[in-house]
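Taking the hints into account, I'd like the entire structure generated from these sequences.
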Amino acid sequence: IESKHCLTLGVSLSVNLSMQTEDEDGEENLMENPYSVKLEFVDDPNFKNKVNYSYSAVQIPTDIYKGSPVILNELNWTQALERVFIDNRREDSSLRWQVFGSSTGVTRYYPATPWRAPNKIDLYDVRRRPWYIQGASSPKDMIIIVDVSGSVSGLTLKLMKSSVMQMLDTLSDDDYVNVARFNEKADAVVPCFKTLVQATMRNKKIFKESIMNMQAKGTTDYKSGFQFAFEQLLNDTGAPRAGCNKMIMMFTDGGEDRAQDIFEKYNWPNKTIRVFTFSVGQHNYDVTPLQWIACANKGFYYEIPSIGAIRINTQEYLDVLGRPMVLAGPKAKLVQWTNVYQDALGLGLVITGTMPVFNLTADANSQLVLGVMGVDVAINEIKRKTPTYRLGANGYTYAIDKNGYLLLHPNLQPKIINFREPVTLDFLDAELEDSKKEEVKTDADVVLCLPHHSSLGLVLPTYSENHIKANLSDQILQVQYNLPLSVADFESLLPNSFESEGHVFIAPREYCNELELSNNNTDFLLNFIALMEKVTPDSKQCDNLLLHNLILDTGIIRQLVEKVWKTKDLTTYGFLAVFAATDGGITRVFPNKAAETWEEDPEPFNASYYRRSLDNKGYIFRAPYLNDELLNPENDTIGILVSTAVEITVGGKTIKPAVVGVKLDLEAWVDKFKILASNQTSPTSDNRQVQQTCGPTSGCEMDCDANSEDLLCYLVDDGGFLIMSNQKDYWNKIGMFFSEVDPYLMHALYNNSFYNRKQSFDYQSVCDPVPSSNTGAAPRGVFVVRTTARPLMGAAIFVDEVEAEGMDSRETSCVTIQTQFYFTNINSSYDILQDCGNCSRLIHAKRLNNTNLLFVVAEKMPCNTCELEKLSQAETEFKDDNPSCEDMSAARYRKGPTVCYDYNLAVRLTTERTTQHLCTQTLE
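Once you know that position 371 of the sequence shown is 371 in the UniProt record's numbering, the rest is easy, because the numbers rise by one and skip nothing.
Read the hints as simulated data drawn from the structure, not as lab findings.
Possibly wrong hints are sitting among the right ones.
With a Cα cut of at most 27 angstroms, we get these calculated DSSO-like pairs of lysine-lysine [claimed, not checked]:
no., residue 1, residue 2
1, Lys540, Lys383
2, Lys879, Lys204
3, Lys540, Lys593
4, Lys223, Lys161
5, Lys158, Lys265
6, Lys540, Lys563
7, Lys50, Lys38
8, Lys402, Lys331
9, Lys385, Lys540
10, Lys50, Lys158
11, Lys217, Lys158
Since the model is a prediction, treat every value here as computed from it, not as a measurement.
If you want it as structure tokens, here you go:
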């Protein structure tokens, strides 16, 4: 289905910078202020935070001295941004956080809000944030070579390992990297990575685990390390890579060799690969060779004498890589869009539009990247731009970025809130992978109207291609006594009418702008009724399609109550409740007392029974969900939910606008079940059931009623969960995975192809060392300041009121395996003989037509000697301690960035004198 409407994001990034080293009173005015202003913050739901719109705020990393001249100057001149931020918001009130991240580490953000550290110790540094890294430089191809000779030991080796891991954290998914260790010879720290690999979270984790296992031995030979690096960067193996900003990072404790012949062979005279050298640890080695290596190859030299220097010196190289962007001029000032990540200030999942900020002073040598401007766009706001309720319960939109990662998808639901890494969920990891979806990802150019060359896609079931559009002037919307619909049906929504009309749940949708949402259904109903007394259904502040369909459905379901439900004695049929839910957002449960145990989502599109009924024909049976405790049939009334979709054809087009169903009383229906599953009834020619007694011509060996002590009779659903049993001892296990009830019988059903098994991976899980041992049915759907301010003058606002929010230390991000069982195409009945060596039993199984049920009759197992695999549906943590090289190095398709600002492309804009001057400055 091709969407004719394009989701557009109109975000304008405008920065007017006023360079200023100090004001009339000098730099100290920002720190030594005799006045103090206590800011007042107001709750703003758009920011999910308390904010102050009159000021911007500043955050400075813990390891940077706030009183240094560089930082004071930074605070001074960035103060001019406050007015720009305020003006931007006046022009566009939908703007969220406006942020400037400086290359010195200062973050100025608007509006002001108390800073919330992502951990108990505030290690936030804007230069390490995904949006800053992607906005400050072009993609990189990086080889890191690490000296592991015998002289590198003890503290120096620990510093080196930490430094390399910090270097990896400066890379984003746009970059490619490999890491090698060297002494007399060089080899990759991860043997399976034969070439550069994408700097994904997964690959960086693999690198870090291998780096921690490095050991020091042998002698130093720089030539072996550099030869490995140059061959990796220059050999075209056909493997994907960034193709931009090639560089080598060497970490060593020092040495005398300059490896000049290697540079002559691979890098001179064009010097297409930069070399950065890092002297790690405290030692007395001559560092002149390391300085010469860096300057002879357009790189820089850094020293890391202690752990405090690691974070600063492993990210300084980004300033060097930003210079080609400055030299490229205005054409480099493009808005780039990041991957999805968690906002540090609590906005949730966001993407950020970034633009580099340049220092364009007259001195060409000082023309560097000053920092990055960013404007956040919340993913939830993008979702609101998509036509969610027009696509039906099982239709959805998705968006993929250039790396194949999701911006939008129903399954994009990371569970760790303050996760500091980008949320990089591959499209193929969110869906059940197949060749068609691989093609969708590779050729994902359906609608290029999302930022950063992202692609928008639409998944739409055939029954959702059309929908009803209500017209309030239709005669069908007129009800008895000539009362207009807006009065008669709205009265049936009031809580005082529930006792006679049944309980009503309204989906918490944004029907009108002024409608106050609430998690309490009664409060939401009252808010809705109160608003409808003030506005008309055609009001411009309301979504007319949503509102009209809600009104239409309210009238239709009310007629169902009056003409059908009220005329039946539900107890005669063994019903605890009857219900109906519509795509317009109305769910009505009758009688009212049944609502006390109604646990379904008031939004039909989120309810498992609703979504499954639309995607399956016939009647869908579903047992109650089990939490940590088993059901208690003695004290609780157990209800089995049965639902089916209402399918109608209008003008030759089929739609499914509603789902109706009943809730069965388990105890009443077990009695009916045992009779129906016996030899006491037989069908006549007109399909009526007549009683029949056991006799010479009709045996009772497989009679679920007569032989209930010897026979096990079950109804099991399409996911392998127990729905009903003739054994009362098993009633407390209703809703459990059948293998937990009878593992031998479930194995026989699986082994005889009644069920298939499908395993998938959840890359957004949170793992706890103490997993729950209970296995129960789960929803199964289509998928699964101290304020320092100065009166009358601009000043920085330091947010010292840190609200530390940390996850439980036991919870970690992990990958879990999800196992699902589902019916095969077997429709016939089968007799199975299960042999367990010393004993055997007969099993009869048959699919029940027009349902999602399997009827199983089995003799009780006379022995417990079967040694069979116990099938499990429980989610388990995936641990691949010895992954194959094929699994580790397999690269998925990445479209990659389309723009590259590399020194080699801009070298004609510079002079050899400028390059030499930059290098000389490094040596001073």
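Hints, one by one, checked against the model:
1. Between the alpha carbons of Lys540 and Lys383 the distance comes to roughly 21 angstroms, so the proposed pair stays at or under 27 angstroms and holds.
2. Distance hint between Lys879 and Lys204 is fulfilled; the C-alpha atoms sit about 17 angstroms from each other, no more than 27 angstroms.
3. A hinted pair counts as satisfied when its Cα atoms are at most 27 angstroms apart, and Lys540 with Lys593 does not qualify at roughly 38 angstroms.
4. Distance check on the hinted pair: Lys223 and Lys161 sit about 21 angstroms apart at the alpha-carbon level, within 27 angstroms; holds.
5. For a cut-off of 27 angstroms, the pair hint linking Lys158 to Lys265 is broken: about 33 angstroms separates their Cα positions.
6. A threshold of 27 angstroms between alpha carbons decides the hint, and for Lys540 with Lys563 the separation of about 35 angstroms lies outside it, so the pair is violated.
7. Proposed proximity of Lys50 and Lys38 is supported: the alpha carbons are some 14 angstroms apart, at most 27 angstroms.
8. Taken as a hint, the Lys402 and Lys331 pair is honoured in the structure, with Cα atoms around 21 angstroms apart against an allowance of 27 angstroms.
9. Note on Lys385 and Lys540: the hinted pairing holds, with a Cα-Cα distance of about 17 angstroms set against a maximum of 27 angstroms.
10. Simply put, Lys50 and Lys158 have alpha-carbon atoms about 42 angstroms apart, too far for the 27 angstroms limit, and the pair is violated.
11. Under the criterion of a C-alpha separation no larger than 27 angstroms, the hint pairing Lys217 with Lys158 is consistent with the structure, at around 14 angstroms.
In this structure, the earlier hints numbered 3, 5, 6 and 10 are contradicted, and the remaining ones agree with it.
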